[in-house]
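Chains as they are written, first to last, in my numbering: chain F, 1 to 240; chain Z, 1 to 292; chain D, 1 to 365.
Heads up, a few of these hints could be off.
Simulated coverage check for chain Z against chain D, where a stretch passes if three residues somewhere in it have a Cβ under 8 angstroms from a Cβ of chain D [said to hold, decoys possible]:
hint: 1; stretch: 82-88
hint: 2; stretch: 105-111
hint: 3; stretch: 173-181
hint: 4; stretch: 211-221
hint: 5; stretch: 226-232
DEER-style ranges, computed between Cβ atoms [unchecked claim]:
hint: 6; chain 1: Z; residue 1: ALA146; chain 2: D; residue 2: TYR216; range: 54 to 60 angstroms
hint: 7; chain 1: D; residue 1: PRO52; chain 2: Z; residue 2: LEU124; range: 55 to 61 angstroms
hint: 8; chain 1: F; residue 1: GLY116; chain 2: Z; residue 2: GLY187; range: 21 to 27 angstroms
hint: 9; chain 1: F; residue 1: PRO74; chain 2: Z; residue 2: LEU124; range: 44 to 50 angstroms
hint: 10; chain 1: D; residue 1: TYR48; chain 2: Z; residue 2: GLY281; range: 55 to 61 angstroms
Just so you know, the hints here were simulated from the structure itself, not pulled from any lab data. Quick caveat, the model's predicted, so the values are computed rather than measured. Backbone N, C-alpha and C define an ideal beta-carbon position, used for all residues, glycine too.
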Amino acid sequence: MTATDLLVVRGLVAGYGAAPVLRAIDLTVPAGTIAAVVGANGAGKTTLLRALSGMIRPAAGQVLLAGEDLRGTPVEQLVRRGMAHVPEGRGVISELTVDENLRLGGLWRRDRADAGRALDEVYQLFEPLARRRRHLGHQLSGGERQMLALGRALVGRPRLLLLDEPSLGLAPRVVARTMALLRQLRDRTGLTVLLVEQNVRSALAVADQGVVMSLGRVVIAAPAVQLRDDVDLRHAYLGF
Amino acid sequence: MDRFVFLTVDGLSRGAVYAAFALALVLIWRAARVVNFAQGAMAVAAAYVAFTVSTATGSYWLGFVVAIVAGLLLGALVDRVVMRHVDHASPLNPVIVALGLVLLIQAVLGMVYGNEFRPAEAPLRRSALTVGGFAVLSPYDLFVFATIGVVVSGLAWLFARTPVGLRMRAAAFAPEVSRLLGVNVGGMLTLGWALASGVGALAAMLVLPTELGLHPHAMDLVFVSAFTAAVVGGLDSPPGAVVGGLVVGLLLSYVSGYAGSDLTPLAVLVLLLAVLLVRPGGLFAPVVARRV
Amino acid sequence: MSATRAALPPRHQLAEAGRPVDRPRGSTLLRHLAVVLAAGLLLVAVSYAVEPFRNFQLATVAAYLCATAGLTVLTGLNGQLSLGHGALMATGAYTVALCQNAFADRGMTGGWLLVLSLGAAIVSTVAVGAVVGVAAARLRGPYLAGVTLAVAVVVPALAVTFDGVFNGEQGLSVPVEPPPLALGPYFPYERWQLWLTGAATLLALLLLANLIRSRYGRTFRAVRDDEVAARLAGIHVARTQVLAFVVSAATAGLGGALLAVLALSVSPGAFSLTLSLFLLMAVVIGGLGRLAGALWGAILLVALPDLTHSVTELFTLSPAVAQRLEGNLPLAIFGVTLIVVMIAAPGGVQGLLSRLGRRLRARRS
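Could you build the full structure based on these sequences and the hints that come with them?
Below is the structure:
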């Protein structure tokens with residue numbers, strides 16, 4: 001592990017009930033980079049994110065965030081350690097307004113002034129949200145929900161952003177915009193992103209590192225460029 | 001006419017109390033998806049504590065405050081010690097546990113205080129003031145309206161305008177997501193129980209002087225009326241609970257005034273059945289009903 | 001699915017038999033008859049062996065057993081929670097009181113009149129049960145609990161509302177004929193009571209046990225387990241639920257009527273909300289859906305107050321304190337037991353409740 005590795009996962013085993021879904025995952029994400037975890041349905045991608053953010057308790061292994069062991073940290077504390085998790089289906093609370101959803105992302109922060117600034121920044125970043133402040137979550141379009149979920153995570157000024165299937169159910173144009181935004185955030189604020197995706201092409205297009213999972217294991221972790229451009233690797237691990 | 005005005009005011013005064021009690025039911029229903037069948041018993045317990053304090057100190061108001069505090073604590077206690085450990089996989093489990101609490105609380109009250117009625121004093125005159133020949137409001141009615149008004153608007157403010165209220169709503173609607181956003185969901189749940197139980201205790205303090213007095217079972221019928229009020233409004237809707245409470249209060253007052261007070265329990269039952277059979281979601285059911 | 005089904009205890013067995021039932025296919029009716037006859041003979045033997053007070057207590061157990069057996073069929077087998085069975089018992093009790101008084105006022109005598117009154121009690125409770133049942137079949141979870149709770153609170157209050165008929169809090173006396181002279185001049189009254197209630201209860205249990213084993217019993221369970229699947233299988237869900245409620249009401253009414261006959265009086269105080277909660281507790285602790293569980297529950301209902309009485313007698317207490325303790329300690333114990341069973345040892349109860357949960361969820365979607 002180097003000083004620049006923000007997230008280090010060693011031998012992580014986790015699952016639901018008796019059968020582990022994840023079998024000894026090893027993973028390193030350097031600070032200020034985007035890692036894309038790809039793989040077929042049921043490879044354990046979502047389970048990996050859930051185990052990282054403590055929503056399921058790992059059976060074995062270690063998760064280090066900036067060198068700190070996260071074992072035993074309650075879920076609600078992780079955001080205070082700088083980890084934001086946008087869950088599957090985005091987790092927009094449909095009974096709350098856009099503004100309430102966003103503010104919720106910064107409520108835990110002691111520094112109220114900066115939380116306010118972060119909120120303003122998110123509104124600047126996502127123009128449509130600013131126009132729909134008072135609308136309820138369930139009145140939003142899929143793209144707006146995506147913005148809301150991302151924006152809500154950003155209000156907490158995370159160091160590490162876990163994103164579960166951001167492209168799911170979105171038009172290609174919206175997906176492209178989302179991916180471009182992630183890269184922009186990485187470059188401008190040094191945000192580190194761990195992205196889980198079915199949409200391999202767009203994920204690898206934006207990522208620095210590609211991680212291919214299959215049946216609960218990491219089968220290969222390589223620079224995204226290499227996975228994208230090396231035909232043999234692509235055939236072997238991604239099937240296209 | 002005179003009588004109608006009197007019955008209306010009386011009905012609104014009762015209805016205000018039902019509204020508060022129904023609101024407490026709705027609070028817990030929204031937060032925990034539990035209809036707290038023990039709420040009546042818990043509220044009576046708090047009222048007994050107030051009774052003890054008032055008798056010992058001679059101060060009604062001290063007892064009043066103590067009742068609310070006792071209600072808050074009891075609510076938190078019930079959540080932490082009992083409800084937190086109930087498997088909510090079946091909606092029947094919390095119902096049965098709450099009924100066990102009813103038995104336990106009423107039994108303990110009976111052991112400590114006995115199963116006879118104790119006088120519950122009203123802090124203010126209950127006879128109506130006359131305005132221009134009309135007997136309109138009693139000072140006690142005014143006190144009830146003011147107190148409930150403060151509580152309802154206070155709760156509305158808390159939930160709509162404060163960070164804690166936002167956390168509580170978020171925790172109720174989406175516990176998992178809320179945890180990811182740093183909300184202490186368990187704490188919010190306990191807070192919800194405490195608040196609801198505190199409001200219930202307050203409602204009991206307000207309604208008991210207008211009833212037969214203090215008794216372990218004194219809130220049984222009030223609970224049924226308030227449950228009806230909550231159902232009339234739709235269990236998910238706080239404003240609905242308030243309106244439902246007023247509706248039930250008025251109905252009971254008219255039935256009792258024009259048809260005889262003995263018929264009020266029957267009227268509650270008929271109303272409850274009618275609403276559930278005709279509009280099970282309540283009169284104010286939101287368009288998007290949340291599935292449990 | 002199959003695993004949970006296998007884990008469930010055999011639900012259809014007579015309490016007294018205690019042997020597995022998925023055995024010979026022969027004649028269920030005959031087998032149940034044999035069990036009931038054996039239980040009846042045992043009861044007669046016991047009635048001679050124990051003192052009159054115990055006879056009376058056993059008779060009370062029998063009366064409660066009617067109600068708990070009916071409730072366990074409703075909640076355990078059909079998945080409907082009722083907090084209103086105390087009120088249904090009150091219906092039966094008041095009917096029997098009114099009938100017996102009417103007969104006595106007209107100077108009619110004869111042991112068979114009691115049978116007529118009990119029949120009337122069942123009929124009137126069936127009518128009330130049908131009304132509640134039709135409503136219940138449309139209601140779910142907490143709503144059903146709330147409505148039946150309202151029934152439990154409101155119905156006893158009606159005795160005061162219509163005190164011209166029901167004589168308010170005082171209640172009514174229930175004139176019952178002494179034992180027939182054929183049994184001899186010194187036949188203890190309590191033994192007669194046990195015979196009477198025992199016979200009625202065994203008959204009710206026989207009918208219930210057969211119902212459970214019949215096509216109807218299977219539809220009860222099918223509706224409980226999965227409403228959608230039951231409907232797809234051609235079962236009329238609402239009708240099945242109403243039928244279950246009516247059957248359950250009939251036995252509750254009989255139980256209430258028997259209690260009234262035993263006590264020789266009825267009053268609203270005897271049929272409070274607490275009674276309804278007691279009944280629910282009895283079937284939950286006894287094991288939902290099992291007639292044997294209903295028996296244990298009924299025994300508990302009679303034995304626990306008796307036990308706490310004995311315990312409080314051990315201590316020298318002032319009469320006032322002793323009275324408070326005696327009246328309330330059983331309630332407290334019941335309440336704690338209910339909570340603890342639901343939290344710590346849902347074991348036998350749990351499998352069924354999760355089915356109820358599935359059913360409730362299935363209904364919503």
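Hints not upheld, ascending by number: 3
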